[in-house]
Structure formats: C-alpha cells, structure tokens
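Chains as they are written, first to last, in full-length UniProt numbering: chain A, 1 to 318; chain B, 1 to 318; chain C, 1 to 318; chain D, 1 to 318.
Just so you know, these hints were derived from the structure itself, not from any lab. Keep in mind that this is a model prediction, so the values were computed, not measured. One or more hints might be untrue.
Claimed, not checked - Some chain D residues close to chain A (C-beta under 10 Å, calculated; not the full set):
hint : residue
1    : K92
2    : G95
3    : I97
4    : Q225
5    : E244
6    : T303
What the hints assert, rightly or not - Here are the simulated SDA-like pairs of lysine to any residue, each with C-alpha atoms no more than 25 Å apart in a straight line:
hint : chain 1 : residue 1 : chain 2 : residue 2
7    : D       : K125      : C       : N157
8    : B       : K294      : C       : G240
9    : A       : K137      : B       : I304
10   : B       : K137      : D       : D132
11   : D       : K137      : C       : K137
12   : D       : K302      : D       : G240
13   : B       : K137      : A       : E290
14   : A       : K295      : B       : A78
15   : D       : K127      : B       : E238
16   : C       : K295      : D       : N139
17   : C       : K294      : B       : D122
18   : A       : K137      : B       : H250
19   : C       : K295      : B       : V286
20   : A       : K84       : B       : A78
21   : D       : K137      : C       : A37
22   : B       : K302      : C       : K302
23   : B       : K302      : C       : D62
24   : C       : K294      : D       : D132
25   : C       : K302      : D       : N139
26   : C       : K302      : B       : F143
27   : A       : K294      : D       : N239
28   : C       : K137      : C       : A37
29   : B       : K84       : A       : A78
30   : B       : K84       : B       : K137
31   : B       : K84       : B       : E238
32   : D       : K295      : A       : Q297
33   : A       : K302      : B       : H250
34   : A       : K295      : B       : Y91
35   : A       : K125      : B       : V286
36   : C       : K294      : D       : A291
37   : B       : K295      : B       : K137
38   : C       : K302      : C       : A128
39   : D       : K137      : C       : Q183
40   : D       : K137      : C       : K125
We put the CB at the ideal spot given by N, CA and C, even for glycine.
There are 4 protein chains.
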Amino acid sequence: MSGYGDIAHLGHVEMLTDKFEESLDFFTRVYGLKLSAQTETSAYLRAWDDYEFCTLKLTKSDTTGVGHIGYRAASPEALERRVKAIEESGYKVRGWIEGDLNHGRAFQFEDPFGHVFEIYFDTVKFKAEGADTPALKNNASRFHHTGAAPRRLDHLNLLSSDVTEFRRFMETCLGSRVTEMIQLDNGRIGGCWFTVNNKGYDLACTEEHGGGHGRFHHVTYATDQREDILRAADIFLENGVHIETGPHKHAIQNTFFLYVWEPAGNRVELANAGARLILDPDWETVVWTEADRKKGQAWGLKTIESFHTHGTPPVKAK
Amino acid sequence: MSGYGDIAHLGHVEMLTDKFEESLDFFTRVYGLKLSAQTETSAYLRAWDDYEFCTLKLTKSDTTGVGHIGYRAASPEALERRVKAIEESGYKVRGWIEGDLNHGRAFQFEDPFGHVFEIYFDTVKFKAEGADTPALKNNASRFHHTGAAPRRLDHLNLLSSDVTEFRRFMETCLGSRVTEMIQLDNGRIGGCWFTVNNKGYDLACTEEHGGGHGRFHHVTYATDQREDILRAADIFLENGVHIETGPHKHAIQNTFFLYVWEPAGNRVELANAGARLILDPDWETVVWTEADRKKGQAWGLKTIESFHTHGTPPVKAK
Amino acid sequence: MSGYGDIAHLGHVEMLTDKFEESLDFFTRVYGLKLSAQTETSAYLRAWDDYEFCTLKLTKSDTTGVGHIGYRAASPEALERRVKAIEESGYKVRGWIEGDLNHGRAFQFEDPFGHVFEIYFDTVKFKAEGADTPALKNNASRFHHTGAAPRRLDHLNLLSSDVTEFRRFMETCLGSRVTEMIQLDNGRIGGCWFTVNNKGYDLACTEEHGGGHGRFHHVTYATDQREDILRAADIFLENGVHIETGPHKHAIQNTFFLYVWEPAGNRVELANAGARLILDPDWETVVWTEADRKKGQAWGLKTIESFHTHGTPPVKAK
Amino acid sequence: MSGYGDIAHLGHVEMLTDKFEESLDFFTRVYGLKLSAQTETSAYLRAWDDYEFCTLKLTKSDTTGVGHIGYRAASPEALERRVKAIEESGYKVRGWIEGDLNHGRAFQFEDPFGHVFEIYFDTVKFKAEGADTPALKNNASRFHHTGAAPRRLDHLNLLSSDVTEFRRFMETCLGSRVTEMIQLDNGRIGGCWFTVNNKGYDLACTEEHGGGHGRFHHVTYATDQREDILRAADIFLENGVHIETGPHKHAIQNTFFLYVWEPAGNRVELANAGARLILDPDWETVVWTEADRKKGQAWGLKTIESFHTHGTPPVKAK
C-alpha cells in the first residue's frame, strides 16, 4: 500500500536565519509575504492566499538552512496511518510534539540526511479580519499588493548525498509519488521531484555536492502569472537583492522561475507552472538523462555554477 | 464514507453539433485543440498537454449540447467502489460499455436531469510521435501554437432545474466536494462548483431558467496565462467568432474567463485560475448570497442576460 | 504650415479635487504615483519614469475637473512659433505666466469650451537622488512597486459641445494631428483623438452630453504591460475604488483600458497600447461610423451609460 | 541644424540569406511575418501592423548579412534637406534609384563601414483586402496569430570598427539622436543607440570585434507584450530554432529581449519596451561605463560570448 492520498499537501517550512531583521524585512516588504504573528524567536509568515496561519516560519539562529518541514495529513485517520508506517519504517522518529502557533499536535521524524519532518492534521487556519479581509470571500486574505506578493507556498528543495535513499524515505513516510527525476550516467539519481497531490511537485531533492549534511537548497512560492515574476525581478533589482539566475523556464516541470538569495543567504524562488497539473493517477515518472540536461534549461540557459554548490548553511572550509 | 479520492479527474466531454465541419474547424484552427482521430461520426480532440487521447469528443448530431461526460477513476479498485455506490444510489444506471477510441470499459449512469455520465479507469494515453513529439519530454505532445492553444481540459458547466438534487447526485456518485456555491434568497441553490481533486472545480451546475432538460452551459479549457486569453480574444475577433462576455474575472473561483459560442451555438470558455488550488482537505464551502452576486463579477462586470438563458440545445418556443 | 513637430508632448494635467486628502492617498498609495512636492494647495505628482518633476498637479478646490493642461514645446524656437500662431488665431489668450514648481514660463490660452491650456519649454526635470535613485540609470527614478505604479503620463480626455470646433483649436494651436475620429450619422464629430508625436493620442475630445462646460472626462497613465492593468484591477477592488468599466480593449486606438473614479469623482484610466505607434508621417485619419461603434469595444463590451454622462465637475440639476 | 525630425522612421531592412527557402519558412511560419509579395530573388515581408508593404526584404544571396537599410523621410521637403546634407557630407553617395516593389524613388548612400542606406518618402502602403482585412479598421492588416507574430519592425543593429565615426555618420545623414551609449575605459565608444523619433532606438551600432566589414548584428520586431516573447521562446524551442540568449531584460533601453538565429545564421530579435518612449526633446544621452556593464543585463544575466563575436556574414578564418 502506497499511502498516496494520506498527506494533503506541504504545509510549512521553517527557515533559519542569522540575520533575522534583514530576512524579515526581505520576506515582508520585498518578497511580499504577510506576517501572521511574531514571537521572540520566530516570525510566522504566509502568502496572502495561504489558508493556514503560517507557511514560512522564520527563526532566529546562529546559522541558516531549514529547521523543519511540515506536511498536513488528509484526515486524522490518514495521519495515524502515516505515523504507523513511519514508526515501522526504521527511520529516526522524534515523536509527537504538542504543536506550535500555527498547528496542533504533530509527529516528527528525520530523513537519513538530517532534515526534520513533521506531519499533522490539526491546524490553525488564518482568520481574515479587519484590514486583512479580502474583497472576494473565497480568498484566504486580502491581496495586499506588497512586493512580489506570491499567492501561496509551492515547494522546497533539499540536498542529500543519496537521492535514491531519499526517495525511499519520501515514498515510505509520505506516500509521495515521483513525477520527474534525473538519471545520471553513473547510475545514481541526480534529483527527484515528489508530490503528494495534483501539483507537479511539492518537494525536490537534488544531490549534495558540497559535502554538507541536512542542507537546504531553496523554498518557493507560486505566483499567478509569469508576468508577476518579471515584475518581481525589477523589485529585487531595485531593492538590491542578489538575483542568482532567471527568469527562465525549467525543462523539468516546465516551471518559469526566478532565484534570489535572501539577506542571510538562503535561496528563495518564485515560480509559475501555468495550468500544468499532474492529473493522471498512473503517471509514469519522466526520466531526464545527462544528455537531456546538457541542453540547459528549457530555452537554453546554462545552469550557473552556484546553483550546484550553494546551499544553506554554507559548508565551512576545513 | 465520502468517496472523495476515488475519482481522479474529469476525463472528457462529448459535445454534439449540427454543424460538424464548422465546429471542427473552430476547435482545431481557432480554439487550438489537436485532432487525435476522426471517425464517420465523431472527431476526437485534445489540448496539446492533455495526456489522454481525447478530452473533447465532437459528435455529428441533429442537435447541440452534451452527449456524455467522462470521469477517470483513481484506480481499478476505486472504480469498483464508485460503481457499487452508484448502483446502490437509485440513480438511473445504463451499465457497462465496452469502451471507445479513447478509453476502455466504462460504467454509464444518468443524473436526474438527463445528463449521461461515465466513469472508467482503463484509458488510452496519447502517444506523441513524429510531428507531435514535444521538445520537452514531460509534455504530452508538442506545443503547436495554433489558435488559442489552451493547455488542458478544465471543467464543464451543466444546467439543472434543481441544483440541490444535482449536488446530492455528484456527492453520491463521484464523491465530489462542493468548493463554492450560490445560496439564493428563496432558499434554493443557484449554483454549485464541484471538484474531485485539487482544482477549484471540474464541474459546475447552475439553475436552468429556460425550461430545458439535460442542457449544457459550457465547456472550458485552461490556458497557462491570462495573456493567452487576451490574445485569444483577438483571435476570436479576427475569426468572426461570437464573443459573449469577457475577458474578465469571476468573483466565484477567481477565474479569469472568456466565453464564446462555437459555430453550432455551444458555449465554450477559456479560463485561467492562476496558481489557485484547493489544498485544504477540510475546505469549507464558500457560500455566495444574492447580495454578493449583485456586485457583479470580480471587477464589477454585470453578467449579461444571455449567460442566464442560453444553453444547448436551445429550448424551442412552443 | 501645420505646426506639427513644434510641440514635443503632453506635459502635465492639473486636476481639481474637493477631497484632497483622499485623492492624494488614492494617487500615491493605490494608483501608484510618486509625490515630488507638496504646497498648501497642491500636490505635484509623477509616474516613476516620467522625466519631468510633475505630470499630475492635484489641487485643492471646491469642485472637481481639470485646472489646466500643459504641453511642452520641442524647443524655445518652436514655442515662439506656437505662441505667435495662437495669438493670431483669435482664441482667447491668457498670456505668459512666470512658471510653477514644475516648469518655467508658460503661455496660457483657452479653448472655446473653457479648458485652460499652457505651453512651455523650460521645465523642471526630476532629479533622482537617495531612495529615488533607480537601479538602471536610464530610468527617471526608482521603480517603487507601489499600487498600480504606471510608467508615465499618457493622455487626457476632455468634453466639448462641438468637437469639430475643438479639432480646429487643436490643429491651430498645437499643430496636433487627428489619428482617429468618430463620424456621427448626424454629420457631427462624436470624438477626436489627437497627437503631437508618435503616440496614437495624447488628448481625446468627445462630445459633451450633460450640458456642462469645460468639463473633464479622464486622465490616463500608461503601464508597461496589460498584466499590470489586470493586477491593478485587483488593487482597486481591494481598496474599495469604484471600477467603472474594464479591463477591456478599445476598438479605437487598440488600447487595453481600465477606468476608475478617484475619491472626488474624477475619472482616471490605466491604459496599455502594446507596441502600437503612429510612425507614418502621412497617416490618414481612421474614421469610425456609428455602425462601427455599435459593435461595442474591441471584444464586444458595450459602453456603459455613465461613460457617456459622467464628467467632472458634475452638472448640477437646476 | 540637426536635421532631427526630417526622418520619420526606420522603414525596412534587406536581409541576405544563402538558405532562402529555410529563411522564408522561418520568417513566415515561425517568426510570424506576412508575405506581401515574392519575386525570383526576394520575398517582401512585413509584420501584421506594419503600414508599409514591406519592412523586411529577404534576398537570395551567396552570403548573409544586411543588403541595405531604408528610412522613410517625414515629407518630400525633409527628404530633399537630407539629400542635400548627405551630398555635402562627403560620405559615399550612390545616388537615386527608381524604387522597388515597396517604395518609390530613394536616395542611396553608404556609411564608412560598407553598410548601404537609403532614404525615401514615396512609399507603398499595404492595402488590406480579403483575408488580410483586419477586424479593427485602425490596424494595418489582420492579426494572423501565426508563429510569434510581432506587431511591427522595431530596430536593427550594425557592427562597425569605429562607433564614434558611425555616430557622426548617423547624426549628419539622418539627424539621429543618441539616446544611450557605452563609454569604454579605453576612450572608445562601445555602442550607440540612435533614434529619429520617440522610440528609444531604431538603430544600434556596436563595435566590431571579429575583423569583419559592413557586418550585421541583428534585426528586431516589437511584440505588444512580454508574454508574447515568452510564448515565442516555446515556439522557437518546438521548431528547433537556435535560441542564443534570453528572454531577459537589457539594462540599456530597458528592453525585454530574445535572440535567435534564423536558418542562414542571421541574428533576429523579438523585443518589448513596455510603455517606454523618449518624449523629452532635450534628452541627455545616458552613458554606460564598463563598470556598469559588468553587472550584466538588467537582472544579472551575463552576455554570452557569441553575442560579441557572431555577426553576418561570418568572418572567414584566413
């Protein structure tokens, strides 16, 4: 039994920053997320149409990278099924936590590369009131037209030294499907794109080349239109944000993309997949070879070097 | 047990036309679908990134409207569960058919208003070869940049004299969820938007005001960008196609839309929902009141009269 | 001698408002202009890429409508030629003024319908410093991504009881060319679109149907893309701005448009003409008949009633 | 006397191709120009909203590059003024020719680098009839939605070994203004952007680094929207066209661009400048330094090597 369907969607990502104020300014004023709440250690952020209270938890730290990754289960029963599967899997279990400002009790566990995951069903939905009230009642909150202002959390990308092993983890624990992957000539998997629903992917894992452990590659929010991303490029330019690469279109997943680094160095993406969805229940994984990849991105852009080497936290030279 | 999850997605719509050649010319050259196959009575059409062999079956007829609606099940087991539920439901069952050019055996049944549905799992996927081979292997076929060229089938809209009853039918037979609805002051439901997956809707049902039975309101394909729809408006204009209303944005579902009539009079839409998805597993139905609806569409456009009265086939004056 | 070429471009419009604070908030926070300076009576506004210090002078008043319209001459010599032509024309001359915060000495005169015009060459260019410094030095100032944030002033529209006479005024005084016009069945001109350069129009005049005198129909800024206007529609919606009509595409001039009313009731437009320019030096005026106009706007939208009757200041019932 | 204003606009470019059939197929089916006429040696092409009969004359040749460049004068008198100025300038004069299928008598002359120019007033305007009749009478012909389908000719780019000298040529002969330029650290001008009207540029000249003479860098047509260019990128991809660089945004002139090579190797661009125009009659040339240029294009893309070296015809190794 695959478990596909037990997990509803990627819920939130906790990002660590050692430049908390600058990072928070970037995410609220430039990238255009909304601040739901702030504690001494963390800011709880969300896109204007994210229905949950928080999809990006920004946490003060002495380093950068990812704190944990939260997925919401499809039902209380589905949550129990996943917990049972995880407990039986042999992967490292951290156990239940009481919850956080943005969700109820959650079950935490780890992948073999040190990334912390949690799954939960009880959540805190954002209550749009006052200045947050949307003009259209089917939106989670008011479109605040601030900065890039993406609509919702889309996906994240992790690094691991063994993507084949990471794949087994995702299939076992979350029931994720692999929609696309890179098959290297050396027999290894170069990258895998996972989904638990109709999105093309909610998590990607690519091979770690920097010798790091538990590292983070990027987190991505979705915009409604590609034009929103072109406009965002100007916003980043005018605000002195480091644009790493893009806008361009990925061959893999057809995603129109733009990558920048937030002030602490974590990579952040804006992406638009158009109307593309994975609706086919027996979708066959698309396999990209090294020869395919040599063509560059969809329109020929060569992947720049830092994209292969930069992850957070940075790996210290010995 | 709700049955949600048993059906994967809307698969195809059969549209009847009494002007077959003109309709086929419209759908291939202007609207921009691809012709997969043609028999003496029907043309099997699909958008360039529809993975199935056919999503619009255009059939010669002495009338217009909808022939039948096909949904694909998530698995053979899920199909059996749905068949059992339908058989126990008391709705009119037509039983199994052997299949068609575009899918295997299918189970047919009817809603109380005369629309024919079928569900199936075995399908015919489009094999992209020769001139249809896409440059990017994760696309179902080559982007042929002909006419409006939408990416995929999105949804259809049916008319019924009792939307509350139609809703019971959709929930019982397909396990559909209602994401949004119109609650009239007279206690009736004015319209319901249904989904079986993460799309905001794959089928809408609005109240029949013309005295017709089993009528069809429109079928819709999704474009990647809103700009595709603005461009399509010029294409329709230059090709003498009747533009009924739009482009504008629906308040309900936030969909950017454009409605035209194909040569035989069937209403056809192009739509773009941006990055909007229904990811929340316990999404609460959004209820629009008559007072809400008086504000017009999202940006204030008043719904034009023909939108309330025109369906196919037209109702003959007695 | 036509005088075409003597005037470089429309420079600024003075708009009167009896709700100064609300109007200023609208133009800066929602419409997205920048405030260059403010005096006790006026705010000097400009779009982020307008090179002059002010293109919209917003002035406190006990009424609404247009204060005056400024055009910049192509050179000091061209200015003198125009002044001479105007003085010889018999149109009402107000004479030279010393200047304003946003330009040097200017020559003022009136059309027969009470609108005040001025022409000038000496101007005040915006000096982009500090937070206004653009990332790209060929922009007039930083793209501030606030509200709709159009790029530059585009055109204005005045009402007159005799468009034929208004046309003679524009040709005589400014050397304007008529690129398009509406020829009514009754022999009158329903509207004229004028230009002094390669833009399709910088001023339109349409027939006054409300019995007013010297009234104003709207002022328009240009956005880079049509998507900017769709996005602006959401911004207006979320900020409670009255959207009168649009977004849609004008048949005349092919302009993609959106009309709203600023808080005091003055009509304001956002427009995008794509790459359309009038490059032909012997362009023949395009004449639209009433029959043409009955087709509605480019994609069929019917012109709403208020568009024919609402001007500022409103005409008081007797 | 500057002569600015005497020339109305860039009229047409003659491109040489040693793969005539392939080039013609590219320009009509993929790039989306319309064929006005064809002779034994040339195809006369135009964009759908170009008012002249031909803006790209594609000519069979044993080489590639540019045949000649045509500019249309603002009036017969302006043409005479320019001819006189050119004759007095000392630049090489070829003299009057009778005309071509696309224009009347023209005066031909050469820049010091071997590029042939001609100026003319009498032209052949495109008569839109039959299937070319546009739905909107203010368009030059029907929007045919074929391939990339740009709206109009925009500019071309030539190579010269001495841009300072080329600049003198353009100012003297055409009265062109320099809106932007690159000032190299070695004192030379790296590139100049010229205009005769309100467009930011109609001709650019950049320094020849390949040792060629009279070479051509690219010709460009303008699209209405940036989205048209993103869509075109997919069209080029699906048709096997070599995409050299882009889509991205130039820092210089703010132009959103995409460069491809037509089958014979001539570089062709699609560009969109948004609403940007040069309206200021005393616009001061924007000077970009080498330090500025090191930042890459507007959003950081590094200029690829071939952009500096590839011109047509190719320079043969000795």
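Item to check | Interface hint for Q225 (chain D), Cβ within 10 Å of any Cβ on chain A | outcome: holds (8 Å)
Checklist entry - Quick one, are K84 (chain B) and E238 (chain B) close enough, alpha carbons at most 25 Å? => result Distance ~50 Å between K84 (chain B) and E238 (chain B) Cα, so the pair is violated.
Checklist entry - Would the pair K302 (chain C) and N139 (chain D) pass a check requiring their Cα atoms to be no farther apart than 25 Å? => result Distance of about 21 Å is within 25 Å: holds.
Item to check | Straight-line alpha-carbon gap K295 (chain C) to V286 (chain B), limit 25 Å | outcome: This hinted pair is violated, its Cα atoms lying about 37 Å apart.
Checklist entry - Would the pair K137 (chain B) and D132 (chain D) pass a check requiring their Cα atoms to be no farther apart than 25 Å? => result Violated - the C-alpha atoms of D132 (chain D) and K137 (chain B) are around 37 Å apart, more than 25 Å.
Item to check | Interface hint status, G95 (chain D) versus chain A (Cβ within 10 Å) | outcome: violated (45 Å)
Next on the checklist: For a C-alpha distance cap of 25 Å, please report whether K137 (chain D) and A37 (chain C) respect it.
Outcome noted: At roughly 43 Å apart (the allowed maximum being 25 Å), A37 (chain C) and K137 (chain D) break the hint.
Checklist entry - Is the hinted pair K295 (chain B) and K137 (chain B) satisfied, with a Cα-Cα distance of at most 25 Å? => result Violated, at roughly 45 Å.
Next on the checklist: Given the hinted pair K294 (chain A) and N239 (chain D), is their Cα-Cα distance within 25 Å?
Outcome noted: OK: K294 (chain A) and N239 (chain D) at ~19 Å, within 25 Å.
Checklist entry - Are the Cα positions of K302 (chain C) and A128 (chain C) separated by 25 Å at most? => result violated (43 Å)
Checklist entry - Close enough to count: is the Cβ of K92 (chain D) nearer than 10 Å to one in chain A? => result Hint violated; K92 (chain D) Cβ to chain A Cβ min 40 Å, cut 10 Å.
Checklist entry - Given the hint that K295 (chain A) pairs with A78 (chain B), does the C-alpha gap stay at or below 25 Å? => result Roughly 41 Å separates the two Cα atoms, so the pair is violated.
Violated hints, in rising order: 1, 2, 3, 6, 7, 10, 11, 14, 17, 19, 21, 23, 26, 30, 31, 33, 34, 36, 37, 38 and 40; the structure is consistent with all others.
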